[in-house]
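Chains as they are written, first to last, in our numbering: chain A, 1 to 286; chain B, 287 to 519.
Be aware that one or more of the hints could be misleading.
[Said to hold, decoys possible] Subject to a maximum C-alpha distance of 30 Å in a straight line, what follows is the list of computed DSSO-like cross-link-like pairs (lysine-lysine): (1) B:Lys365 to A:Lys157; (2) B:Lys366 to A:Lys170; (3) A:Lys183 to B:Lys365; (4) B:Lys335 to A:Lys183; (5) B:Lys335 to A:Lys170; (6) A:Lys183 to B:Lys342; (7) B:Lys412 to B:Lys313; (8) B:Lys455 to B:Lys316; (9) B:Lys298 to A:Lys170; (10) A:Lys284 to B:Lys412; (11) B:Lys482 to A:Lys170; (12) B:Lys412 to A:Lys170; (13) A:Lys170 to B:Lys342; (14) A:Lys170 to B:Lys351; (15) B:Lys455 to A:Lys170; (16) B:Lys351 to A:Lys183; (17) B:Lys365 to B:Lys342; (18) A:Lys170 to B:Lys357; (19) B:Lys412 to A:Lys283; (20) A:Lys157 to B:Lys351; (21) B:Lys412 to A:Lys157; (22) B:Lys366 to B:Lys507; (23) B:Lys335 to B:Lys482; (24) B:Lys366 to A:Lys183; (25) A:Lys170 to B:Lys507; (26) B:Lys507 to B:Lys455; (27) A:Lys183 to B:Lys412; (28) B:Lys482 to B:Lys455; (29) B:Lys351 to B:Lys509; (30) B:Lys366 to B:Lys296; (31) B:Lys298 to B:Lys507; (32) A:Lys183 to B:Lys456; (33) B:Lys296 to B:Lys335; (34) B:Lys455 to A:Lys157.
[What the hints assert, rightly or not] Counterexamples of contact, computed for chain B against chain A with all Cβ distances above 10 Å: (35) Val290; (36) His361; (37) Glu380; (38) Asn397; (39) Phe451; (40) Ile484.
Hints were generated in silico from the structure; no laboratory data involved.
For every residue, glycine included, the Cβ atom is placed at its ideal position computed from N, Cα and C.
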Amino acid sequence: MVLLFNIIFQVSDAISFLLLSAIGLAVIFGMMRIINLAHGEFITVGAYGTVVTAKMGLPLPMAMACGVLVTIIFGFILERLIIRYIYGRPLDSVVATWGISLIVSQSFLIIFGPSIEGLKSPLGSFQMGDYSFSEYRILLIFISFLILVLLYFLFMKSRFGTLARATIEKPITSSALGVDVQKVYTITFCIGAGLAGLTGALYIPTMTCVPSLGQAFIVSAFVSVVTAGASPFIGLVPAAAFLGSFQTGITFFYHATIGLIGLLFAVIMIIRFLPSGFSGLIKKGK
Amino acid sequence: MSEVILNINKIKKTFGGFTAVKDVDLKVNKGEIRFIIGPNGAGKSTLFKLIIGYLKADYGDVIFKEENLNKFELHQRIKKGIGLKFQAPSVFNEMTVLQNLEIAANQTNLNDYNDFIDRFGILEEKNILAGDLSHGKKQWLDIALASISNPDLVLLDEPTAGLSFDETKKTGEIIKYLNKQGTTFLIVEHDMEILKQIATAVSVLHLGALFVEGSPQSVLKNKDVAKIYLGAS
């Protein structure tokens, strides 16, 4: 019983990590087709925003909200100055966002040093048999699914979501129907940035606060979004569930490094045999 | 005297050394169905793109309802009461017919629009993906998108491209119906059948300049038009 709970916990924790890693990228890369190599730095901004404001005395939830807000502002400035000029130019977006990534991570190093004192993990832990479980990480599992459900309704069921998907599919046609395409792009990009910031804010109580912390998320984020397919909000849950279970299973029996290799092998197989990803598979099944 | 709804004033567009549109003056009166015709390379599509702001003119003005549109972007021009359909059907393939119409109508509840949608022969398909419609129905959906917000002027670029004879006839009936409801049309077209069916005025472009304009009957009888447009000797 304890072993079963432990397995369920480990798998769910891995899935929620993949989901939360990917949510911001699902919007910026999955929807807007900007290959955002600075996704990890967006997460870092959210994390540092949370830590700095928490150290100033704000309660953790408020500090997390500030972390998200700072990342939205950061995303807004980047979109206005750089990103808006590279929509529809995916290769250029690789170079531009890679440059942003380097500048931001080095700036954090110069401003804050190699590390700053992090935050204590909120809530406590409980014991089952020989295993100890963090209550906060269980909360993160629920939060990750809640965020994804909210995103699904925002982008697939709301008027803004319809406009955003239409604008991204055919910007000139949208403009010909009176849609302010630039405004929709800016708002959508800021939502993606804010979600990445939220990931940083949520995970920073469980991590060491270093300028490169975003790098821990970048592989998980890209593999989840790529295997999710063209409709990330439909394909992300099955993609994360499959990859998370696969990685945890191998890690459980072998080692974390072998688990990561197994994850990447699974991704290669999915790309090979499911080129339209999990969302393509779901759409085909309908 | 008829009220002028669109006034193109001495507009010019060059690409490098090539003049695509040469000092064109064109007026569209309220209530008209005006066709712009001309042989290939006459400058019809360029003029269309200049009117909607997709291309920037070297000089000249586009005046709509007495307001100069030069400084406005495409979406801002649309908001002023213009509907627009490009040559190829530009529907959102991954969305349902209804979702397409919701975007164009700028509202979510289209329950009162069933009669309107039925006019375009797409009521039964309103809940299927636009990408699954036939080419003809995509063209009609596209015209519906251009006209659902009840604009004063609708610009159509070759609305019958790729349509059969019967589909072309129905397209003409749709446009005529919308015109009776008060919408003015400016249509770039090759097809002479629909022109004969619904045009109230015709402007002929040739080598980027306005060649002749008048009633459909007078233009179609004009021997010089036949020479340049049909290549007759």
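Which constraints among the numbered hints does this structure fail? Numbers only, ascending.
Hints 7, 11, 20, 22, 25, 29, 32, 34, 36 and 37 are the ones this structure does not satisfy, whereas the remaining hints hold.
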